[in-house]
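> Next come the chains, spelled out residue by residue.
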Amino acid sequence: MAANEDLALLVQPDRVHRSVYADPAIFELEMERIFGRAWLLLGHESQVRNPGDYFTSRMGREPVVVIRKNEKEIAILINRCAHRGSMVCPEGRGRLPGDGERFVCPYHGWSYDRAGVLQAVPFGTGYEKEKLRELRLKAVPRVATYRGFIFASLAPSGSDLEEFLGAARASLDDFVDRAPGGELEVAGGVFKHTYNGNWKLMLENHLDGAHPAWVHASSVAVARNAPEPGKPGEEHYYDIAVRQMRQNGAPESVWEATGIWTTPRGHGYMGDYHDDSRLVAGLGNPAFEEYRAILAQEHGQEKTDRILRVTLWNTILYPNASFMSQFRQLRLIHPLAVDRSVVYTYSLRMPRAPARMFRDTVAFSNVVNGTASWVLTDDLEVYERIQRGFASGAVEWAYIGRGAGRDVAEPGATRGATGTSEVFIRGQMRAWLGYMTATPSTTQGPVQ
Amino acid sequence: MTPEQFLYHEARLLDTQRYEEWLELFTDDAAYWVPLEQNQKDPFEMSSIIHDDRTLLELRVKQARHPRAHARQPLARTVHQVGNVMVEDGADEVKVSSTLQLVEFRNEKQRLYGALVEHRLRRVNGTFKIAHKRVDLVNSEGELDGITVLF
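Chains A and B, in that order, give the protein sequences.
Start counting the first sequence at 1; every next residue gets the next number (the working numbering).
Start counting the second sequence at 1001; every next residue gets the next number (the working numbering).
Read the hints as simulated data drawn from the structure, not as lab findings.
All C-beta atoms, glycine included, are put in the ideal place defined by N, C-alpha and C.
Please note that a few of the clues may not be correct.
Unchecked claim - Here chain A is said to cover these stretches of chain B; the calculated rule only asks that three of the stretch's residues, wherever they fall, bring their Cβ under 8 Å from a Cβ of chain A:
(1) 1058-1064
(2) 1086-1097
(3) 1144-1151
Please construct the entire structure, taking both the sequences and the accompanying hints into account.
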């Protein structure tokens, strides 16, 4: 396999070959052609606020360090010593406080500054000086931010970030516009959960409006038996999560009426499955009232209404990110193997909003997205069952034809005929094929 | 019943899947907390792997019994191995520190958890009720499979 014409056979208008999810050779190609080319979302500027602040992450399988070099610039360094390959920075976050502080390799003590420049080599006389001058921590060639979110690409050339994001920028705008002063910060800890399944399964599931009634039947049932959410100002701390679980049991007509869009790059977003009156502890909630007033003072009433009227639910940025702008949840997926993935789940706080709102975010995250969640755990179980199903060769194809042939072209995006259309999977697969078959000399991502 | 015997009794209820009886061990105002971070101080401003009051804990048990709880049916078989029990007597409550090794088997997969556990037990009618239970997993900050067992 691997010839482009062979790859093209695997993705057809209404079906996908199982090997796209189960073949280790295809996974190797994905790491090179998708995760090695696309813009990947790595985090938020609040994680590297001061010069020297850093955190470790992955780009596909590449271990990287995201570090603030100086007031203006963020660098992303491949976390691998130029000498014998050891990771120079241990996993986690930290700070190189002074300008003279270094990442020191634990193997032979080679040390690197914030920009990845090799600064000192013990026993240095044994090396050719000229050769040492060529060595450094490799810097990821392209780094860019969009409204505070940090993106990077391992490819030296290709479309710029804004073009890559396309119509999905609206979801990031919604995320930021909802925050007073446009200020957001990563806070409240990071959930890290794994599953024995392909990375694409998560991205497909997050926009699937036909799954909650089945996958989440048990959490819908218990949420319906939960105590009624408290009156404004007297809520239980978990009301927001109970409301969300109940909403997963919304009737078919609600799901069908929800908008679903996909962009040429495979991004996608889901429309008005929720609004604040259904979910944020009720519109009469004093903290929410105060929040509205803060926004109104900043933007005026009309613009505030417009900001809060945007009801985008899950957004997928293909190939590595999923977020809920209204609830300030960000999930990044790191593929480990064709049948193994790890997901990092972050919450973001609005520092200028009432403190109570972050408590809602925390409760929501624990119950809906956390490692022992009522909701997430059932998704993970299904991903694993799919992976086991795709491991079998007796049945070759997965069917992705719901709503096919009835998609609606809109500016910058394609809309599904109804909210449960599988238009977003077809969009992701088209983007997948674009990346996988683009010739190496034109690392432009998907052909459009 | 000694505090030590009470902890063994609790473990036995969980390992024999008598979850509804296990729930009865908790006071109405109980908290059941599995922090996300080591030395976590607060369950409201910081995420937790589990942060349940008595109501949520009951919902957790009800979900496990639901026929379409895909990640919980069939229920995991478990062994809760309680050790290093140390008792600190107080006026109203007894503080009990212990260690937990939990072996879980479900769907052809076996998992092992280790945790430092702290109970605050309240004396009620000659026995105890759990007013607060905190379970600090040794790998709470690590990469974990989805968790569907009760610690």
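> Each hint needs a verdict: does it hold in this structure or not?
Going through the hints against the structure:
With 4 residues having a Cβ less than 8 Å from any Cβ of chain A, the stretch 1058-1064 of chain B passes the three-residue criterion, so the hint holds. With a cut-off of 8 Å between beta carbons, the stretch 1086-1097 of chain B has 0 residues touching chain A; three or more are needed, and the interface restraint is violated. Coverage of the stretch 1144-1151 of chain B by chain A holds. Counting CB-CB distances below 8 Å, 5 residues qualify, and the rule asks for three or more.
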